[in-house]
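**Student:** Please take these sequences and the hints and turn them into a complete structure.
2 protein chains.
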Amino acid sequence: MSEQTRITPRSEGYSRWYLDVIAAARLASYSDVPGCMIIEPNGCALWERVTEVFDARIKATGHRNVKYPALIPLSLLQRETEHVEGFAPELATLTHLGGTKLEDPLVLRPTSETIMYADFAKKVASRSDLPIKINQWCNIWRMERRTLPFLRTFEFYWQEGHTAHATEAEAQQEVLDMLQEYRRFVEGTLAIPCIPGRKPPGERFAGAEDTYSIEAMMQNGKGLQSATSHYLGQKFSRAFGIQYSYGVGQSEFVYQTSWGMSTRIIGAIIMSHSDDKGLVLPPRIAPVQAAILLIIDKKTSVDEQLREGFLDAVRRQLDHVGVTYVLDATDRKLGLKQYDWEKQGIPLRIVVGASEIAHGQVMLIRRDTSAKMTVPLGGLGAAARLSLEEMQSALFTAAQERLRQKSRVCTTLEEIRAAFKEGNFFVHTGWAGSKEDEKGVKEAGDGVTLRCIPLERTPQHVDTCFLTGRPAEHQVILAKAY
Amino acid sequence: MSEQTRITPRSEGYSRWYLDVIAAARLASYSDVPGCMIIEPNGCALWERVTEVFDARIKATGHRNVKYPALIPLSLLQRETEHVEGFAPELATLTHLGGTKLEDPLVLRPTSETIMYADFAKKVASRSDLPIKINQWCNIWRMERRTLPFLRTFEFYWQEGHTAHATEAEAQQEVLDMLQEYRRFVEGTLAIPCIPGRKPPGERFAGAEDTYSIEAMMQNGKGLQSATSHYLGQKFSRAFGIQYSYGVGQSEFVYQTSWGMSTRIIGAIIMSHSDDKGLVLPPRIAPVQAAILLIIDKKTSVDEQLREGFLDAVRRQLDHVGVTYVLDATDRKLGLKQYDWEKQGIPLRIVVGASEIAHGQVMLIRRDTSAKMTVPLGGLGAAARLSLEEMQSALFTAAQERLRQKSRVCTTLEEIRAAFKEGNFFVHTGWAGSKEDEKGVKEAGDGVTLRCIPLERTPQHVDTCFLTGRPAEHQVILAKAY
Numbered sequence: 001m002s003e004q005t006r007i008t009p010r011s012e013g014y015s016r017w018y019l020d021v022i023a024a025a026r027l028a029s030y031s032d033v034p035g036c037m038i039i040e041p042n043g044c045a046l047w048e049r050v051t052e053v054f055d056a057r058i059k060a061t062g063h064r065n066v067k068y069p070a071l072i073p074l075s076l077l078q079r080e081t082e083h084v085e086g087f088a089p090e091l092a093t094l095t096h097l098g099g100t101k102l103e104d105p106l107v108l109r110p111t112s113e114t115i116m117y118a119d120f121a122k123k124v125a126s127r128s129d130l131p132i133k134i135n136q137w138c139n140i141w142r143m144e145r146r147t148l149p150f151l152r153t154f155e156f157y158w159q160e161g162h163t164a165h166a167t168e169a170e171a172q173q174e175v176l177d178m179l180q181e182y183r184r185f186v187e188g189t190l191a192i193p194c195i196p197g198r199k200p201p202g203e204r205f206a207g208a209e210d211t212y213s214i215e216a217m218m219q220n221g222k223g224l225q226s227a228t229s230h231y232l233g234q235k236f237s238r239a240f241g242i243q244y245s246y247g248v249g250q251s252e253f254v255y256q257t258s259w260g261m262s263t264r265i266i267g268a269i270i271m272s273h274s275d276d277k278g279l280v281l282p283p284r285i286a287p288v289q290a291a292i293l294l295i296i297d298k299k300t301s302v303d304e305q306l307r308e309g310f311l312d313a314v315r316r317q318l319d320h321v322g323v324t325y326v327l328d329a330t331d332r333k334l335g336l337k338q339y340d341w342e343k344q345g346i347p348l349r350i351v352v353g354a355s356e357i358a359h360g361q362v363m364l365i366r367r368d369t370s371a372k373m374t375v376p377l378g379g380l381g382a383a384a385r386l387s388l389e390e391m392q393s394a395l396f397t398a399a400q401e402r403l404r405q406k407s408r409v410c411t412t413l414e415e416i417r418a419a420f421k422e423g424n425f426f427v428h429t430g431w432a433g434s435k436e437d438e439k440g441v442k443e444a445g446d447g448v449t450l451r452c453i454p455l456e457r458t459p460q461h462v463d464t465c466f467l468t469g470r471p472a473e474h475q476v477i478l479a480k481a482y
Numbered sequence: 001m002s003e004q005t006r007i008t009p010r011s012e013g014y015s016r017w018y019l020d021v022i023a024a025a026r027l028a029s030y031s032d033v034p035g036c037m038i039i040e041p042n043g044c045a046l047w048e049r050v051t052e053v054f055d056a057r058i059k060a061t062g063h064r065n066v067k068y069p070a071l072i073p074l075s076l077l078q079r080e081t082e083h084v085e086g087f088a089p090e091l092a093t094l095t096h097l098g099g100t101k102l103e104d105p106l107v108l109r110p111t112s113e114t115i116m117y118a119d120f121a122k123k124v125a126s127r128s129d130l131p132i133k134i135n136q137w138c139n140i141w142r143m144e145r146r147t148l149p150f151l152r153t154f155e156f157y158w159q160e161g162h163t164a165h166a167t168e169a170e171a172q173q174e175v176l177d178m179l180q181e182y183r184r185f186v187e188g189t190l191a192i193p194c195i196p197g198r199k200p201p202g203e204r205f206a207g208a209e210d211t212y213s214i215e216a217m218m219q220n221g222k223g224l225q226s227a228t229s230h231y232l233g234q235k236f237s238r239a240f241g242i243q244y245s246y247g248v249g250q251s252e253f254v255y256q257t258s259w260g261m262s263t264r265i266i267g268a269i270i271m272s273h274s275d276d277k278g279l280v281l282p283p284r285i286a287p288v289q290a291a292i293l294l295i296i297d298k299k300t301s302v303d304e305q306l307r308e309g310f311l312d313a314v315r316r317q318l319d320h321v322g323v324t325y326v327l328d329a330t331d332r333k334l335g336l337k338q339y340d341w342e343k344q345g346i347p348l349r350i351v352v353g354a355s356e357i358a359h360g361q362v363m364l365i366r367r368d369t370s371a372k373m374t375v376p377l378g379g380l381g382a383a384a385r386l387s388l389e390e391m392q393s394a395l396f397t398a399a400q401e402r403l404r405q406k407s408r409v410c411t412t413l414e415e416i417r418a419a420f421k422e423g424n425f426f427v428h429t430g431w432a433g434s435k436e437d438e439k440g441v442k443e444a445g446d447g448v449t450l451r452c453i454p455l456e457r458t459p460q461h462v463d464t465c466f467l468t469g470r471p472a473e474h475q476v477i478l479a480k481a482y
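Quick note, the sequences are listed as chains A and B, same order.
For the first sequence, the working numbering assigns the number 1 to the initial residue and increments by one for each residue that follows.
For the second sequence, the working numbering assigns the number 1 to the initial residue and increments by one for each residue that follows.
These are calculated hints, taken from the structure and not from any lab test.
Only a predicted model underlies this, so the values are computations on that prediction, with no experimental measurement involved.
Be aware that a few hints might be false.
Which copy is meant is left open, because identical chains are indistinguishable; a pair holds if it fits in one copy or across any two.
Said to hold, decoys possible - No farther apart than 27 Å at their CA atoms in a straight line, the calculated lysine-lysine pairs in the DSS-like style are these:
(1) Lys59 <-> Lys101
(2) Lys59 <-> Lys337
(3) Lys333 <-> Lys123
(4) Lys439 <-> Lys406
(5) Lys133 <-> Lys122
(6) Lys122 <-> Lys337
(7) Lys277 <-> Lys372
(8) Lys442 <-> Lys122
(9) Lys277 <-> Lys123
(10) Lys133 <-> Lys337
(11) Lys133 <-> Lys333
(12) Lys337 <-> Lys123
(13) Lys421 <-> Lys222
(14) Lys421 <-> Lys122
(15) Lys337 <-> Lys277
(16) Lys122 <-> Lys277
(17) Lys421 <-> Lys59
**Tutor:** Here it is, written out as structure tokens:
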């Protein structure tokens with residue numbers, strides 16, 4: 001094992017471990033541009049899988065993809081006051097172009113509401129122009145003081161859905177529908193349990209009436225906001241003049257939504273499933289599900305034709321059940337091959353050596369448990385498929401169990417402080433819900449924030465606000481978060 | 001027909017027609033950012049199809065996708081002198097970030113050689129680190145004085161392949177291999193015949209040793225450079241210090257290539273196949289291949305169950321042969337539906353009305369010829385598949401015929417001038433190949449440029465240079481171009 005790819009155990013330092021896993025799995029590396037990472041082939045393939053699977057859901061739910069300019073005139077961004085104020089500290093502004101000073105500086109998009117909605121205003125006239133349901137996969141820029149690959153970088157990638165509707169009810173439905181799409185994707189494909197909830201007012205998207213999110217718990221008990229869905233109401237449609245006419249001389253501003261999931265979801269995948277040996281990828285999102293490790297032993301040579309015929313049969317078994325694979329036929333030793341594919345998170349390794357060929361079988365090794373299984377060649381397809389399904393389900397169950405174990409129900413500030421002194425938890429408690437209370441949350445512990453008001457039943461109802469003792473208006477989750 | 005979607009006939013003005021087709025097919029529209037277009041859902045779906053088909057070829061030829069930062073430090077860009085000089089007039093530079101003046105300004109990438117190769121220098125040590133074969137699908141920026149949707153915009157999209165090799169021979173092979181991949185894609189999938197050739201020195205990519213391109217002819221006889229492949233030799237590896245060691249204390253700079261195809265290929269699709277009724281899409285690149293037009297006649301009502309059963313059978317027929325489709329069940333009149341799907345370039349229309357349902361048949365209409373065909377329901381799949389294949393082939397044949405008809409062999413400057421006075425042609429002629437000769441090409445006519453030195457046999461060999469009368473060193477093509 002070279003020094004370069006040594007992975008710090010989680011017990012020694014979770015942040016160091018996270019960076020080591022990324023380096024060892026060759027997902028990303030540092031670039032010469034401050035705060036910007038290079039997404040390496042393995043990381044890019046993972047993001048492409050996320051894109052592929054979720055893009056199909058976006059299209060199946062009636063949205064279509066578009067591309068708007070990455071540069072937004074500052075004057076447009078300033079049209080919705082709360083929006084520009086929220087993003088002001090994070091903007092990258094282009095003041096000169098081709099040596100000429102710009103009268104209206106251009107901003108690298110931190111999000112695309114403003115450029116899109118200025119365009120919506122031109123496209124909406126009557127009710128028949130509605131709904132508008134579009135999505136954009138793109139790069140965006142937000143200046144960050146401290147960067148962390150995938151979680152916080154100056155440039156990152158995401159999808160941003162934007163819709164405009166004739167009625168409030170339809171827009172509200174869209175917000176919740178897309179939140180559920182995120183949840184299904186994150187739980188069903190990424191094997192990460194998550195909690196759909198509403199954000200408290202202080203955590204709302206700048207310019208939104210309401211922000212919803214799905215919150216996931218990382219292995220270290222910290223929270224990660226994995227996707228958001230915003231109800232924008234008429235805030236932007238009033239600012240941009242997006243209205244439709246109906247009846248005689250009647251007109252109404254449209255109701256809008258926006259929703260997004262970014263490359264930070266790769267950070268969530270890493271921190272939910274990986275171990276001290278490196279990356280672990282849930283089979284449904286793994287760009288490559290199996291690595292065939294051909295072990296060419298110089299002592300016990302195998303007839304070339306026999307070997308190729310055997311490998312061909314292995315491939316056909318996997319093709320037949322739709323398992324994706326790579327063949328590692330390099331002359332590296334078995335141990336090195338094992339180590340290399342293991343740290344890259346490949347769900348299954350299939351060992352083919354002289355003895356396997358002679359006996360008409362292969363050895364199957366699962367990434368998460370390291371369990372080995374000898375399988376006759378003819379049963380490989382079925383066994384690989386079953387192993388992948390079991391692994392997908394085992395990863396989800398383990399994450400659910402962790403979420404359960406690292407959740408606490410607390411009623412008072414003292415109990416909450418004690419919990420966060422012990423470690424990182426999702427603390428379920430009651431909250432009175434005023435702006436002042438939200439500021440008071442920091443008293444609960446260093447870095448503790450109010451993550452969300454869960455949409456679903458909490459483990460145990462808390463009747464009073466943990467801060468004020470007043471009747472609890474909401475059940476909430478407190479946690480430290482990325 | 002509303003004024004908005006009226007399409008200027010080509011005979012009245014080719015440029016106006018081009019813009020009208022884009023508007024009528026809703027491929028792109030203007031944005032509030034100077035020089036930047038909005039790629040609308042129809043245009044985005046077309047680019048996604050280009051991406052999907054060509055990305056599969058990129059991967060099948062052993063390249064992997066990456067993402068490098070969009071902002072490049074100016075100091076990096078300046079490391080290769082010819083490169084920065086070539087791009088200087090087109091750069092968009094970020095001088096301030098978060099209110100602070102940058103010591104090293106950041107440039108919006110006009111191409112990614114410099115940021116990638118600074119990184120290659122860190123990754124290459126020994127011969128086993130080679131070859132590097134990567135590709136990036138991304139947005140890039142080049143300032144343009146006059147913009148034209150898809151052809152010349154400030155921001156546009158492309159893929160850029162970048163490779164590094166241990167030997168010159170391997171790099172040269174890569175350059176030609178990728179040029180052939182472009183040609184196969186453009187001819188086989190987009191039905192656009194094109195001429196692979198080498199660029200004259202004055203048209204080389206800034207920093208390249210040699211630039212190759214595929215040149216296509218548009219309907220108006222103008223040329224469009226549809227993709228380029230560059231042999232960079234050791235120019236960049238020397239500037240960036242990308243070298244590998246071998247033997248004892250020996251080292252060698254790597255040999256490099258880069259190659260790209262952009263959203264301008266959509267301009268090529270439009271200008272190769274479309275007609276006065278609007279867009280025509282070759283079936284193999286059309287995001288939707290057929291529109292099922294359901295005609296609900298209020299007078300002759302059809303039993304709902306019967307109708308749904310019939311439509312379901314239509315869909316199954318198309319699914320079975322892998323033809324993609326949309327169903328237009330709006331209550332618009334047949335004429336309007338026809339007109340709408342026609343101008344969007346959908347290759348096939350399938351009309352289903354009361355009479356069709358009663359007789360167990362449908363009417364099939366081909367976009368390019370407007371030929372109508374009555375087909376029994378049970379034979380729809382086969383008939384649709386065959387029609388699409390015939391259309392794909394007919395579009396290619398028509399474009400080939402046009403290329404043949406608008407090509408001329410000329411031997412003297414006078415002949416060439418006469419040709420360009422008559423119209424736009426691809427003029428095949430002889431050239432002595434000096435830098436001065438290249439400048440002299442403008443004498444051949446206003447806007448005439450030296451497109452390429454074709455790699456393949458020209459229609460007729462010309463022995464002397466059209467400018468100097470000296471022995472011709474190369475056979476070349478002159479044309480007006482986009």
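**Student:** As a check of your reading, is Lys122 near Lys337 (CA-CA no more than 27 Å) within one copy, between copies, both or neither?
**Tutor:** Between copies only: 24 Å across chains, 58 Å inside a chain, cut-off 27 Å.
**Student:** As a check of your reading, is Lys122 near Lys277 (CA-CA no more than 27 Å) within one copy, between copies, both or neither?
**Tutor:** Answer is between: at 25 Å across copies they meet the 27 Å cutoff, but 54 Å inside does not.
**Student:** Is it within, between, both or neither when you check Lys133 against Lys333 at 27 Å Cα-Cα?
**Tutor:** Cα proximity of Lys133 and Lys333: across copies only (25 Å, versus 53 Å in one copy).
**Student:** One pair to classify: Lys337 and Lys277, alpha carbons no more than 27 Å apart. Within, between, both, or neither?
**Tutor:** within (14 Å within a copy, 59 Å between copies)
**Student:** Between Lys421 and Lys222, at a C-alpha cutoff of 27 Å, which is it: within one copy, between copies, both, or neither?
**Tutor:** within (14 Å within a copy, 73 Å between copies)
**Student:** Is it within, between, both, or neither for Lys421 and Lys59, if the alpha carbons may be no more than 27 Å apart?
**Tutor:** neither (46 Å within a copy, 50 Å between copies)
**Student:** Can you tell me if Lys439 and Lys406 fall within 27 Å by alpha carbon in one copy, between copies, both or neither?
**Tutor:** Close inside one copy (24 Å), not across copies (74 Å); limit 27 Å.
**Student:** Measure nothing new, just compare the shortest in-copy and cross-copy C-alpha distances for Lys421 and Lys122 to 27 Å and report within, between, both or neither.
**Tutor:** neither (55 Å within a copy, 43 Å between copies)
**Student:** If the cut is 27 Å between Cα atoms, do Lys277 and Lys123 qualify within a copy, between copies, both or neither?
**Tutor:** Answer is between; shortest inter-copy Cα gap is 23 Å, intra-copy 53 Å.
**Student:** How would you classify Lys59 and Lys101 at a CA-CA limit of 27 Å: within, between, both, or neither?
**Tutor:** neither (41 Å within a copy, 43 Å between copies)
**Student:** Please sort Lys133 with Lys122 into within, between, both or neither, judging by C-alpha distance up to 27 Å.
**Tutor:** For Lys133 and Lys122, the Cα distance is within 27 Å only inside one copy (15 Å; across copies 44 Å).
**Student:** Checking Lys59 and Lys337: alpha-carbon separation at most 27 Å within a copy, between copies, both or neither?
**Tutor:** between (39 Å within a copy, 23 Å between copies)
Hints 1, 8, 14 and 17, counting from the list given before, are not met by this structure.
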